Amino acid sequence: MTSTAEYAVLAPRRVSASVWAARLLRGFRRRNILLGFSVFILLLITGTGILAPWISPYDPTRGKLENQKLPPAWIGERTATKTVVEFGQSPDQISISKAKRLKSDVVLGDRIEVVIRGSGRTEFLLGTDHLGRDMLSRIIHGARISLIIASVTLGVGGLIGTTVGLAAGYFGGWVDEVIMRVTDVFLAFPPLLLAIAIASALGPNFFNAILAIALTWWPWYTRLVRAQSLSLRERAFIEAAHGIGVNDLTIIRRHILPNVLTPVLVQATLDIGTAILTAAGLSFIGLGTQPPTADWGVMINIGRLFVLGGRWWIATFSGLAIFLTALAFNLLGDGVRDAADPRTRGADL
Amino acid sequence: MNQPLLSVEDLHVRFRTPLGDVHAIRGISFSIERGQIMGLVGETGCGKSMTGRSILRLVPQPGEITRGRILFEGRDLMPLSEDEMHKIRGERIAMIYQDPAAALNPVFSIGQQIFMVMEQHQANSDVDTRQRVIQLLEDVGLPEPMTLYNAYPHELSGGMQQRAMIAMALSSDPSLLIADEPTTALDVTIQAQILDLLITLQRSRGISILLITHNLGIVAETCQRVVVLYAGRIAEQGDVGDIFHRPHHPYTKGLLAALPNPGSRGNALNVIPGRVPSGLDLPPGCTFAPRCEYVMDHCSQHQPGLFTVSPSHEAACFLHEEVGGKKP
Amino acid sequence: MIAIQESTLLRAEKISMEFVSRYGFLGRHQHRVRALDSVDLEIQRGETLGIVGESGCGKTTLGRCLIRLITPTAGRIVLDGVEILALDASALRHLRREMQMVFQNPFSSLNPRMKVDDLVAEPLRTHTDLAGGALEERVEELLVEVGLGAEHMKRHPHQLSGGQAQRVALSRALALSPKFLVLDEPTSALDVSVQAQIINLLSQLQERHGLTYLFISHDLSVVRHISDRIAVMYLGQIVELASSDAIFNSPQHPYTQALISSTPVPDPDSGRERIILEGNVPSPANPPAGCRFHTRCPYVMDICRRQEPKAHAVGEGHWAACHLLDKAPSDSVIDLQLIN
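Protein chains in written order, with our numbering: chain A, 1 to 349; chain B, 1 to 328; chain C, 1 to 340.
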């Protein structure tokens, strides 16, 4: 419509990198608290992930049994009254055999005072797990694992997806038809279910988990890149390049790829959180990273066994780490999308 | 009835952008008589479309009308509430656009859309309204109006869509029609049909039309009065003969000379050097001075007002200061 | 071998282009649009041939077919002795240096992410071994040629005005010293004052390099200004072909007459009688039988609905396809030519 033509002279038609950065900043200001928070968390996680071997206080895979199941440092020594039962089931019960060791004359149904042993110590800030390993060290190393998983899966998935998507969108015809039907097959399964199937078929380990996630991920990028290339292919500058005699590969590399990269990056940022969650999910059900590796998913899986026994910290801190990381990446992804999306951009002329 | 239908007085529109304030319209005044077709002509970014939108107070964000009066049928539109404006927009002033396909709702038939507009503004029985819609479709020259009543926008060609838009615009019998580049998206033979229709409507219904266009040929063949805009100001305004036969502003002269004409083949066309200045960075003094072949020292410091060349003709150029004397 | 005169640069015979789009499950239904129907055309060295017509008439398709940006479904095209429809992909890429195209909107025909120097260097990198300083020098030379300078080299297209961007597109087209340029509405997206600058530049370049132009436009006054000969197209066919003066002074086809009379002229007192055509251009997917123009023609006769008209020579180098010309005996046609 004419209005766009009118705007044209008011401001430069398209916007340069500096203005793009300004837009991202404006986005930050608009939701400064949330985005500032997410950037802070991400810097923290990335920093600890990279520096893990140097900053973690203990070896994450070795602990002393005498330190097992220590609560976080801020929980001091305390006493509790427990009922003596045949087999201890809940935090306010104690089994008769254990009780006999404390006081020889107890009988079933008695209530006795118990001093909770091994209370929080400053050397284990977030407590220890059932093998006496330092939770803080494990979470720091877990950040490393999570970041590796996220970047490798999205890297592999993105690379496959982009390449295949470019081919489908640019060449069209039967190439497109074949590729699209293959993606249809992949997309017909719920992603986690597919990842579980692939991981269990390949055997549970760290590498296979990454492969499984990457394999569930690429069709999304293929679809995205294909749609972009399809519309780019019709743009006059592609036809102009044909007219000059540029060959297909050069056209894809020089003219199409740079124009599809932005949406792929935006999508990838939005997907990091989900990739980490998926990896944690696989580890949680035992199909991903295997113990004793310090992986957040593995830690939750083990920790859940002790929650009912009152040792909530083993699962909680790793869960919190996953939650914060996923949240922070999603918030950042929203910010990046807003900065790149011409519709949310339109408002600033 | 010697009061003009519409007069715009000292209109200013400003856009606040991250890169600075853009003064899209800087003091435009003109008026349209009843039953007149007036052309608003200029190049991209001169503010012609924005002027049309300002009359309806439809300046898009982050733009705003910072100053000026819009007197329509003797009433200033600026202080009106949004509700009152809404009535003016639908009933007294109608607008048609360059791209009728975008302005029509794809999920309703042509007849339904016009029906809904009419229903909003007047209380008649459904049968009467339907009859009137069909009459309107016939008035704007659509063949088989009974059939077209039930046709959807995508089933119509561009020219027919524009006719349907005009029918919708006429449905409340407005006294002013703002046509923003109504034929730019159409082929020449269809353009001729639509322009012919506009002239017919002006003659038969006495409607006034503000025709916004970049095409000087259309202005010459359709309009009685012309306003030439350059970078948000009026360069020259006058009767159509004044502008095309006796142009006084160097910009108008340059524009007319830049058009290819039957005798120009083999010769270079006249060019206006340079380019339209950015709205962010306007030169002081006369905006056209940097491109003007008659530029004087005076021009780069002072902004010329409109000087009277003849009773019907004004030009914003210091060359004509002595000819007419300053306008009060 | 087709006998071709020395002065002919390009000769096209019976060019047809049919676009087929498939829809429905597994593409079982087809939608065929015949954009070009047996078009014959000859272009002389150093001339400008204008193509005019309304949207859907096939003028842009014709331009693309002539330099094989799209391959026509039938016909022969000989450019400077080379039959270009017979070339394989790599030979065609090689021949691209001889024939170039300039598009309507420079902001869409220039990759928004590339800088001006890279844009202009692209054809040179593709077809020559120029590199480094020599490449840069040639790029600057080309920019100066179209009225730009070194200061524009590091800019992105969006930092240029419409006129400047179209100049960049022109310098890209000129980079390989082509013989033949297809100009597809090169000034339609530009304002009047800039349009004049580009038209003048095109004329200068043609003179300097001996270029041959195919100038496609819907704007008759621009085409008249720049063209030596003009072809008028309607629904995939050329309905009239003649010198620029002959087309405007003695148009023979009713469509040409209507087209000329529909074009507004910037003169309020021209007092011309406008021929206003009824109805719309029919869809090229389903063109009318007989003469394709018969549904809108003010002089329609019975025969027009049944039989396609043949091209008649109505004067020296002046052809028109209309049944109105059937009746005229050949000598009266010559009279007509003498009068004009």
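I should point out that these hints are in silico values taken from the structure, not numbers from a laboratory. It is possible that part of the hints are untrue.
[Claimed, not checked] Here are the computed lysine to any residue pairs in the SDA-like style, where the Cα-Cα straight-line distance is at most 25 Å:
hint, chain 1, residue 1, chain 2, residue 2
1, C, K179, C, L201
2, C, K179, C, E151
3, C, K154, A, R235
4, C, K310, C, R272
5, B, K253, C, P268
6, C, K115, A, P258
7, B, K253, C, S161
8, C, K115, B, G274
9, C, K179, B, P277
10, B, K253, C, A189
11, C, K154, A, N259
12, C, K115, A, N247
13, C, K115, B, A151
14, A, K64, A, W54
15, C, K179, A, E239
16, C, K115, A, G155
17, C, K115, A, K64
18, B, K253, C, G271
19, C, K154, C, S108
20, C, K154, A, L261
21, B, K253, C, S221
22, C, K154, A, P258
23, C, K115, A, W54
24, C, K115, A, E113
25, C, K310, C, G271
Note that the coordinates shown come from a computational prediction; the quantities given were computed from them, not determined experimentally.
Hint check results:
no.	hint	result
1	C/K179 / C/L201	17 Å, holds
2	C/K179 / C/E151	29 Å, violated
3	C/K154 / A/R235	23 Å, holds
4	C/K310 / C/R272	31 Å, violated
5	B/K253 / C/P268	15 Å, holds
6	C/K115 / A/P258	13 Å, holds
7	B/K253 / C/S161	23 Å, holds
8	C/K115 / B/G274	22 Å, holds
9	C/K179 / B/P277	37 Å, violated
10	B/K253 / C/A189	22 Å, holds
11	C/K154 / A/N259	19 Å, holds
12	C/K115 / A/N247	20 Å, holds
13	C/K115 / B/A151	48 Å, violated
14	A/K64 / A/W54	21 Å, holds
15	C/K179 / A/E239	19 Å, holds
16	C/K115 / A/G155	29 Å, violated
17	C/K115 / A/K64	63 Å, violated
18	B/K253 / C/G271	22 Å, holds
19	C/K154 / C/S108	19 Å, holds
20	C/K154 / A/L261	22 Å, holds
21	B/K253 / C/S221	18 Å, holds
22	C/K154 / A/P258	18 Å, holds
23	C/K115 / A/W54	45 Å, violated
24	C/K115 / A/E113	80 Å, violated
25	C/K310 / C/G271	34 Å, violated
In summary, the numbered hints that this structure violates are 2, 4, 9, 13, 16, 17, 23, 24, 25.
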